[in-house]
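For the record, the sequence lines run as chains P and E. Just so you know, we're using my numbering here: the first sequence kicks off at 1487 and counts up by one. Just so you know, we're using my numbering here: the second sequence kicks off at 408 and counts up by one.
No wet-lab data here; the hints were simulated from the structure. Glycine residues also receive a C-beta, built at the ideal position from the N, C-alpha and C atoms. Mixed in with the good hints there might be a few duds.
On the chain E side, residues computed to face chain P include the following (Cβ under 10 Å) [what the hints assert, rightly or not]: (1) ILE413; (2) VAL473; (3) LEU502; (4) LEU631; (5) GLY690.
Here are some chain E residues the structure puts well away from chain P; computed CB gaps all over 12 Å [as the list claims (entries may be wrong)]: (6) LEU441; (7) PHE482; (8) PHE503; (9) SER508; (10) LEU510; (11) ILE540; (12) TRP560; (13) PHE561; (14) ARG564; (15) ARG566; (16) LEU584; (17) TYR649; (18) THR681; (19) ALA701.
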Amino acid sequence: MRIELVRRPEMSRTMMLVSPLIAVGLTVLFAAIVFALQGHDPLTGIFYFFIEPLMSSWSLEQLVIKATPLIIIGLGLSVCYLSNNWNIGAEGQLTIGAITGSILPILYPEFVSPIVAPLMILMAAAGGAAYGLVPAVLKTRFGTNEILTSLMLVYVSTLFLDWVVRGPWKSPQAFGFPITVDFNESAVLGSFPVGPLYLNASAFIALALVVVLAVVMRSTLKGFEIRVLGQSPRAGAFAGFSARRMTSFAFAFSGALAGVAGLMVVMTEIQKLQPVISPGYGFTAIIVAFLGRLNPIGILIAGLVIALSYLGGEAIQTSMQMSSKVATVLQGMLLFFVLACDTLILYRIRLVSTRSTQEQARA
Amino acid sequence: MLEAIILTVITAATPLLLAAIGELVVERSGVLNLGVEGMMVMGAVAGFAITVSTGSPLLGIVAGLVAGLAVSLIFGFVTLTLVANQVASGLALTLFGLGLSGLLGEGFVGTPGIKLPSLSIPGLTDIPYVGRILFGQDILVYVSFALVLAVSWFLFRTRGGLVLRAVGDNHVSAHALGYKVIRVRYLAVMFGGACAGLGGAYLSIAYTPLWVENMTAGRGWIALALVVFSSWLPSRLVIGAYLFGAVTILQLHAQPLGLGVPSQFLSMLPYLATVVVLVAISGNRRATRFNTPACLGAPFVPDR
């Protein structure tokens, strides 16, 4: 038996919609196998992992809180990947954005005003964008591989955060713990009732960004420029688009969004800085971007799906005494499945028995 | 003192060298596998688990090799058979490997490991100054150098190496000449996985005989950077790996000295050095462009 790919005459529209669903289905199947291998009943596992977190309003609110940073980062990354710029350092831009965004409440805790939160968001975007521009400039100026540099800067940024909270920004009242002062009330984001749920303000920011990017990608010249330069830099050059400027734009844009996402985590969940602020949102958002087909609406849905896996991991830990690390394994596997299923868009898959190939060769 | 420093530099450089020599072969065949970190960490957890449960570090090494090879096959299937995007698939392999190793290794956190014994040849190992450095290393250090020599010889002195480079430089022509492009690439990816697994096993069996989650700490990515640094030449890989080993050890030795620099900034050094080296090497267009496999990262579907 051998797998043969037959190119489709044109991209399959059905498969573009169906392939992420197949990937999710395969991941559920894979999850069942993992649960069984660990000596648990697969169906109970699937229930606690994928369904139970959707059954209480508290966990639905948690789902939105976890999905928010993933969606915001995923949106930025989609612009990068569509324009063929491989930013995989979103986790670093998230960290730096969280630090620059926290300057006001930490250094000026008495500054209480309604303009504090918007200022913080702007400063987080600026910090993330500046950090994102480092690999972009190295790429455009020196031709340095942006994948490796953006990733190296992740390690640098987390070490920097570690220094900041243990050194200059350590709270004097923290009894030696590596944490900063608690944010004042104007530096945290509150929740608003939406139907039966209380949703955090950050969720509305994410939603607004989805809408804006969807419009930009669909009906503006910038959206066209991003896609053309990604598919064919040569064609883009004839249209007068500059691939170098696009690299800087894509990195600054995704860096800014990652920075904002980092600040959202800090402003809602933690409300201060500490050595670890993100469970790898910057990396998981890569999966979100691909699962969402690099499309803003798709990313919105994908963010919620992946956020479910975080909650599912916690649920199987409390209900079934299984390791919550299963979630990370499933996330990685999901990305494999998504990428593999994307093959179906361009190709038809044929299983060929080895004998028939030999006959073909003879004929 | 100097002898002690050189000995630690060797142990810091060996895992990088092992993982990088494998990736060099993979990239020479035209495949960009960014999953080195994931394969390495799988090698580390498998190596540690088998060493502790059997009591034999040698079996642990074999387990590390097999684990790296096994996960590289997932990458191979997705990118070679199903022609998925290599960059994204490599990232998937890294995320998957970090997750799975954390899950498998959970029971081993805090378990004392068994260190791979160093060679001891009476007479030779006792030679002052150079004895321990030349004749007192553990077996994987010698394996790493043997691999560099073997890969160098294979790539540039054998027919198989010529085929592999041809596949990496122009897969359409190689296919037209009747070479099995996909098969060659599968073999290269498996070799890369095995080497990365060995490098990971070295970390958990020889470098620090412990299992800590994410213990590779970016070494897989540094190995990828080393391949670029070497401009795809095995001999230069040795220079790069030992340079990075030296930077790692330098910051470890500088930390107790204080020097007024916070330890976090010293810990940044290997990562910053990687960025600096990448910038320096990419400025030198002639060296990089000449050796870069022309089909690096490009998917290939054989037409029949």
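Please list, smallest to largest, the hint numbers that this structure does not respect. 1, 2, 6, 7, 8, 9, 10 and 18
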